[in-house]
Amino acid sequence: MRTRVFLLISIAVAAVVFFGARMVNNDYVFFAGYTVLQFIVLATAWNILGGYTGYVNFGSAAFFAMGAYTTVFFHKAFPMPIPILIAIGGVVSGIVGLGMGYLTLRLRGAFFAIATLALAVVLQTLVVNWDYVGGSRGAYIIRPNEIAWIGPYIQYLFLLMLALVVMSITIARWIERSQLGYGFATIRDDELAAEASGVPTLRLKLVATTISGALMGMAGAPFPYYIGYLQPSSAFGLEYAVNSIAMPMIGGTTSWVGPLIGAILLGSLQQIATVTISSAVNLLIVGLLLVAFVIIAPNGIVGLVQSWVRRREK
Amino acid sequence: MAGALLEVAGLSKRFGGFVALDGIDLAVTAGERVGLIGPNGSGKSTLVNCICGTLTNETGTVRFNGEVVNGLLTHERTRRGMARSFQLPRPFATLTVAENLRVPLLYTVNARPGSSLSPAELDARCAELLQLVALAGKATKLPRDLTQVEMRKLELARAMAAEPKLLIADESMAGLSQSEVDDIVNLLIQLNERGITIILIEHIMRAVMKFSQRLVVLVSGKKIADGMPADVIRDPEVERAYLGQ
Numbered sequence: 001m002r003t004r005v006f007l008l009i010s011i012a013v014a015a016v017v018f019f020g021a022r023m024v025n026n027d028y029v030f031f032a033g034y035t036v037l038q039f040i041v042l043a044t045a046w047n048i049l050g051g052y053t054g055y056v057n058f059g060s061a062a063f064f065a066m067g068a069y070t071t072v073f074f075h076k077a078f079p080m081p082i083p084i085l086i087a088i089g090g091v092v093s094g095i096v097g098l099g100m101g102y103l104t105l106r107l108r109g110a111f112f113a114i115a116t117l118a119l120a121v122v123l124q125t126l127v128v129n130w131d132y133v134g135g136s137r138g139a140y141i142i143r144p145n146e147i148a149w150i151g152p153y154i155q156y157l158f159l160l161m162l163a164l165v166v167m168s169i170t171i172a173r174w175i176e177r178s179q180l181g182y183g184f185a186t187i188r189d190d191e192l193a194a195e196a197s198g199v200p201t202l203r204l205k206l207v208a209t210t211i212s213g214a215l216m217g218m219a220g221a222p223f224p225y226y227i228g229y230l231q232p233s234s235a236f237g238l239e240y241a242v243n244s245i246a247m248p249m250i251g252g253t254t255s256w257v258g259p260l261i262g263a264i265l266l267g268s269l270q271q272i273a274t275v276t277i278s279s280a281v282n283l284l285i286v287g288l289l290l291v292a293f294v295i296i297a298p299n300g301i302v303g304l305v306q307s308w309v310r311r312r313e314k
Numbered sequence: 001m002a003g004a005l006l007e008v009a010g011l012s013k014r015f016g017g018f019v020a021l022d023g024i025d026l027a028v029t030a031g032e033r034v035g036l037i038g039p040n041g042s043g044k045s046t047l048v049n050c051i052c053g054t055l056t057n058e059t060g061t062v063r064f065n066g067e068v069v070n071g072l073l074t075h076e077r078t079r080r081g082m083a084r085s086f087q088l089p090r091p092f093a094t095l096t097v098a099e100n101l102r103v104p105l106l107y108t109v110n111a112r113p114g115s116s117l118s119p120a121e122l123d124a125r126c127a128e129l130l131q132l133v134a135l136a137g138k139a140t141k142l143p144r145d146l147t148q149v150e151m152r153k154l155e156l157a158r159a160m161a162a163e164p165k166l167l168i169a170d171e172s173m174a175g176l177s178q179s180e181v182d183d184i185v186n187l188l189i190q191l192n193e194r195g196i197t198i199i200l201i202e203h204i205m206r207a208v209m210k211f212s213q214r215l216v217v218l219v220s221g222k223k224i225a226d227g228m229p230a231d232v233i234r235d236p237e238v239e240r241a242y243l244g245q
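In order, the protein sequences belong to chains A and B.
Counting from 1, one number per residue, gives the positions in the first sequence under this note's numbering.
Counting from 1, one number per residue, gives the positions in the second sequence under this note's numbering.
Keep in mind the hints are simulated off the structure, nothing from the lab.
Everything hinted at is true.
Listed below are the simulated DSS-like cross-link pairs for lysine-lysine, each with C-alpha atoms no more than 25 Å apart in a straight line: (1) B:K165 <-> B:K210; (2) B:K138 <-> A:K314; (3) B:K141 <-> A:K314.
Counterexamples of contact, computed for chain B against chain A with all Cβ distances above 12 Å: (4) D182; (5) D183; (6) E193; (7) P236.
Quick caveat: nothing in here was measured; it's all calculated off a predicted structure.
Ideal placement from N, C-alpha and C gives every residue a C-beta, glycine not left out.
For reference, chain B alone in the conformation it holds in the complex (with noise of 0.2 Å):
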């Protein structure tokens, strides 16, 4: 697809004799909202990871932006603006709220060529960030303090704080209730309309069929479908995988 802001083709991954991902082709448009789902164990997680550049990839590219991402390490794609949440919150444990998100802050955003923010202007960033997520009234305290949802919030504003142009969260609802859930979902939107893609790998289906415009469908390490999210869970080889025959 031209234009793409993300393409992956002929993506392939092994972890010795068991292949975790076969031949994945996905592309992503600027501004799309896609939701990537399968079962436990189908991959999902392993693309991310090869995507990000946490995993290499034996076969395949990674394009994003137009560029050739193949080769570089996670931090380059992160400053080229990728940025992803973990499954489970990886949030750095001995800094304050704040003081992880002023990490990408420092070593993204003022990374890249012609930026340089003052500390006035970090302090602001992680505040207005902070408002986003409505944690700023636990800015000073350490990610132990705070409740599952609020960790997974810290998580996504952490990943927001790198101003991505691709955000992946990677199932970052799971073991949430249902209006936290929503809440999250609505975070998320709320991101896509100020630009920023997002890729969505979640297991709530009622979460992902509010969110996703367009439905990936992975089930051992093949993607099996990929369309419009209605069309997607009526397609017979999706129930079977899903459901059983």
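The shape of chain A in the complex, shown without the other chains (with noise of 0.2 Å):
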């Protein structure tokens, strides 16, 4: 299938997702959705370094941080419309994970996760520590209650983070099958054999960072018109980091239908629980399954059934 038909049919599932939602006519559907959308994308994005090119970055929460904190900082300096706010957020966050890529990529499997982390770390310590963005204090936004066209606020936010699920799916899709795509894989395989046939590993690698910092700047641009009050906290919660690591492990990291599996099925479990039991058992549920899967489908979901299709054809 070529990309442009994935993009129309992605766009078509989009909508009926949206218009599918407003027949319901529940804020809340909009408000536990949007969050699932979210993790979808930041799946994704995760993926794109994590999964294709096997390099595990433990620092998503600070990507996503970065896009929420540029929107802080615009809201406040030079009001703007999301649709732009999102792109300089993508931006942001692409250039962190540039820069991210280009100090740390030398480094290799455990160091650097660790490396990640410590980026993490830093970039909280700066935002904690500034205070036109509402240092450690937090900053608030006051959103509109409606928008023209669409109605309430929330579903304004919704639809735009099922723009950005059509776009990162897509641009998931498209690296898979493109040359780029083998690139990561060998990078993934093998990254002397990689160097031997000619993939220049270093500058692969530097595009995979720079994509996936950019979408999870993305996501997090919107954040604060979501939740209203934005503080450092919250913006680099262990919960990103650990979510967009476990959802792609548990629906699979070889291929972008992984993520999306991953992040519909944690994500869904995650707002369930919230509304039934309480909201602090999210992170027992993604340990739990990321404990299960690693055992019982280290491949995820799409290898099980990989696994069993090639089975099957025996």
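Dock chain to chain to rebuild the complex, using the hints, since each chain is given by itself in its own frame.
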């Protein structure tokens, strides 16, 4: 299937999701749905670096927060419509991703993961001490109640996030089928052999960190409008780092479908748990599922299905 | 030597206090078949790694096709026409056999100026290479489904896919049976007849003697012999290195 066809189909599916949610006519569906959509973008973005090239990034929260705080900064300095803020957040986080890649990509395995964790801590410290964006007190973003054409503001935010989902899975799928995807896979499999086959590994890793970082930043940019009050501990929350790793792992990391399935599954489960049990049980669910999957299905749901199909062919 | 395809001069490499290579000089003319032998730990693979850019040598120069390639990254050297196979096969485990060959076609052949293969041409080229190494029936298999000898053939085919001027085969026959060794030697000679210069690193003397037009011997990081295979193996110094005094 061509990328353009895929894009059209995803837009159609997104439209169905949006109008379906409107039929329910309950704002809570949009509040909960927004979070799930946001995790689809984060998981897909993480997977471009972590799944395709095999570099595990523990600092997803930092990229997400970069996007969110870029919005806070511009909301105060020079108010703009959210779509533009999303683009700016993407650029800022993309640059941070490129910088992180440049500084850390000579590291491999656990050392790279630790370095990304350190990056998150450094950025959080910077934001906590930056008074203009609220420092440790946090910042209020007053969002309008309604918006023209659509109605309730939350529906507008939901729609934006839906657009980001379509964009990120289209990008992920395009990468998978392009020359870039082959290059990323060789980096994951064997960097030495990749270089010997002519793959410019360092350059490709920088491409991956930049795209991945930019998409995470874009997912974070509308967040202040969603939450209304942004403080460093919520923007840099552990749940973003953990979820964006766990969702692709549970869904499967080798294809764009994996993070999508993982995020829908885990994200919905968390939303249900938040309502029925408590919001504190979220990370417990993620932890338990992750342990279970690592033991039973190390290649995630997609891997499970693939090996089943392979067995049937034989 | 004037007109040499590969020219290594005064190349030294040390790991901490250990001198792995000590002032190696080696020239290989275009079209030649050179055997490189030496006891375990004599520095053969280190030399390959320095020539291909996987390791950086402290002193000395590597000149390829008239150009000094010191400081160039491995993929840049590959694009200039140097290819290698690894001692232990290192296939791309999550890609199929055909896709393994597609990678060098996309990233090396297509990266060369004036070359752009269409998707159909890529497929044709992959099929042709698989035919050459008798893996055509396994195109859609993953490397883990291959036997040891097929894995070695894939390794060579992937190096070949980059359309190299120089192919360095690092112990591509270790652990294979006699008939499989003959298979690979014949394949290498066939490739050489197509105009590719080949350096073969090998322990199996039968293969080396059959393949080589010239034999180079490394011992403890030094080159101790370089000449006609029949003369070299009678060299007392070479006998001493292999058999002891």
